[in-house]
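Residue numbers (UniProt numbering), protein chains in the order written: chain A, 1 to 207; chain B, 1 to 207.
Please note: incorrect hints may appear among the correct ones.
As the list claims (entries may be wrong) - Derived, one-sided and incomplete: chain A residues facing chain B with beta-carbon distance under 7 Å:
1) G21
2) M32
3) M39
4) V148
5) R158
6) I166
7) G170
Claimed, not checked - A few chain B positions that, by computed beta-carbon distances, are all more than 12 Å from chain A:
8) V51
9) L91
10) P92
11) K93
12) E98
13) D145
14) R158
15) F176
Hints were generated in silico from the structure; no laboratory data involved.
Keep in mind the model is a prediction, meaning the values are calculated, not measured.
All residues carry an ideal CB built from backbone N, CA and C; glycine is no exception.
There are 2 protein chains.
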Amino acid sequence: MASESIETFLDGLASSAPTPGGGGAAAISGAMGAALVSMVCNLTIGKKKYVEVEAELKDVLAKSEGLRVVLTGMIAEDVAAFDAVMGAYALPKGSDEEKAARADRIQAALKVATDAPLACCRACRAVIDLSAIVAEKGNLNVISDAGVAVLSAHAGLRSSALNVYINAKGLDDRDFADERLQELESLLADAGALTEKVYEVVKAKVN
Amino acid sequence: MASESIETFLDGLASSAPTPGGGGAAAISGAMGAALVSMVCNLTIGKKKYVEVEAELKDVLAKSEGLRVVLTGMIAEDVAAFDAVMGAYALPKGSDEEKAARADRIQAALKVATDAPLACCRACRAVIDLSAIVAEKGNLNVISDAGVAVLSAHAGLRSSALNVYINAKGLDDRDFADERLQELESLLADAGALTEKVYEVVKAKVN
Chain A
1 MASESIETFL DGLASSAPTP GGGGAAAISG AMGAALVSMV CNLTIGKKKY VEVEAELKDV
61 LAKSEGLRVV LTGMIAEDVA AFDAVMGAYA LPKGSDEEKA ARADRIQAAL KVATDAPLAC
121 CRACRAVIDL SAIVAEKGNL NVISDAGVAV LSAHAGLRSS ALNVYINAKG LDDRDFADER
181 LQELESLLAD AGALTEKVYE VVKAKVN
Chain B
1 MASESIETFL DGLASSAPTP GGGGAAAISG AMGAALVSMV CNLTIGKKKY VEVEAELKDV
61 LAKSEGLRVV LTGMIAEDVA AFDAVMGAYA LPKGSDEEKA ARADRIQAAL KVATDAPLAC
121 CRACRAVIDL SAIVAEKGNL NVISDAGVAV LSAHAGLRSS ALNVYINAKG LDDRDFADER
181 LQELESLLAD AGALTEKVYE VVKAKVN
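Extracted from the complex, chain A is given alone in its bound form (with noise of 0.2 Å):
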């Protein structure tokens, strides 16, 4: 997915076909705001008036890296776990024992559809919190692309969330639901307003 032009991908996002959806626009946005965090770092990274913070920056660094690697790879993560869903719910129906296993198949597959964009949300909380040590130590002439990182990952969060809850909506096991829910709100929880602060620290200073 990650391969395609992003022309070609906006065009499968605008089109009737299933794929890609708002799971990879969250995906994509996620990626962005870790790519972002690494470009400020990259550029503040070396610079004599910033070597105090070059240490944690390096840190900041190699995890938004391993965080857009995860991102990027997520994009075709939502895409095959959305067609496991549709492939079970296109399983066979006439018998009782086709009729068990399809369910057996769809819930299987529910679960995999909760936990993909769920491990999505944790990886965009993950690129809020280096946004703000970004925005608060990152190379000022750049410090506008600490805030559209913030900006994007939080909405790459809360994007995601929307398919955890529809997803976990149709699970039968409520415990593996309730568990995921649970975490899904922890992550949200702050982001707002961490957001929000990210967002008025580097307002401050662009003005």
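Got chain A; can you put chain B on it based on the hints?
Relative to the frame of chain A, chain B by itself:
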């Protein structure tokens, strides 16, 4: 730019190269928002259950597709505007005439670099309005995509606003700058509240 692969774009974003940067990411966020509005329209139009909203969603689709084309083009426009500012700063400043010519070119380039992200803000704001319609009237099966659309468009709007602030700050022509900043504030004014309202509509439908 839009013909580049997603991966290549993200690599460029993360690198220490000055472009692409947050402006390009903002345009992609807006374009993903427009594309997702189109997707919801495409999966609603032609369905018996939604025949009553068909005419309205056909109109929304025409608008969202127009905005998608505009926003996709803005990925490259952001690079061009940035390069023009950098090019102007790089002009010789030996003689008084050179200094004056350089200052003029910087100011002219900054005007373009203020208007370009403002146009992106305007397009993202329009996508938010369209998201509100599809969140209310679109096919329930893909309603989460309306939620992702509004979050992406709002992230694009606020991201692009940072570039308006930065470039307007450098303008000597304060009337020009103030007019842009005033329009920007009116675009931002109720965008946050509207985005939350649309997100809550979608969240209630998926839960």
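Evaluation of the provided hints:
1. G21: holds, 6 Å
2. M32: Interface hint status for A/M32: holds (5 Å vs cutoff 7 Å).
3. M39: Holds. Min distance 6 Å.
4. V148: Holds. Min distance 3 Å.
5. R158: Result: holds, 5 Å to nearest chain B Cβ.
6. I166: Where the cut-off is 7 Å and the nearest Cβ of chain B is about 5 Å from A/I166, the hint holds.
7. G170: Where the cut-off is 7 Å and the nearest Cβ of chain B is about 11 Å from A/G170, the hint is violated.
8. V51: At about 17 Å from chain A, B/V51 clears the 12 Å cut-off, so the statement holds.
9. L91: holds, 19 Å
10. P92: Holds, since 22 Å exceeds 12 Å.
11. K93: Check passes; 20 Å lies beyond 12 Å.
12. E98: Per Cβ check, B/E98 is outside 12 Å of chain A; nearest 24 Å; holds.
13. D145: violated, 4 Å
14. R158: At about 5 Å from chain A, B/R158 fails to clear the 12 Å cut-off, so the statement is violated.
15. F176: About 17 Å separates B/F176 from the closest Cβ of chain A, which puts it past 12 Å; holds.
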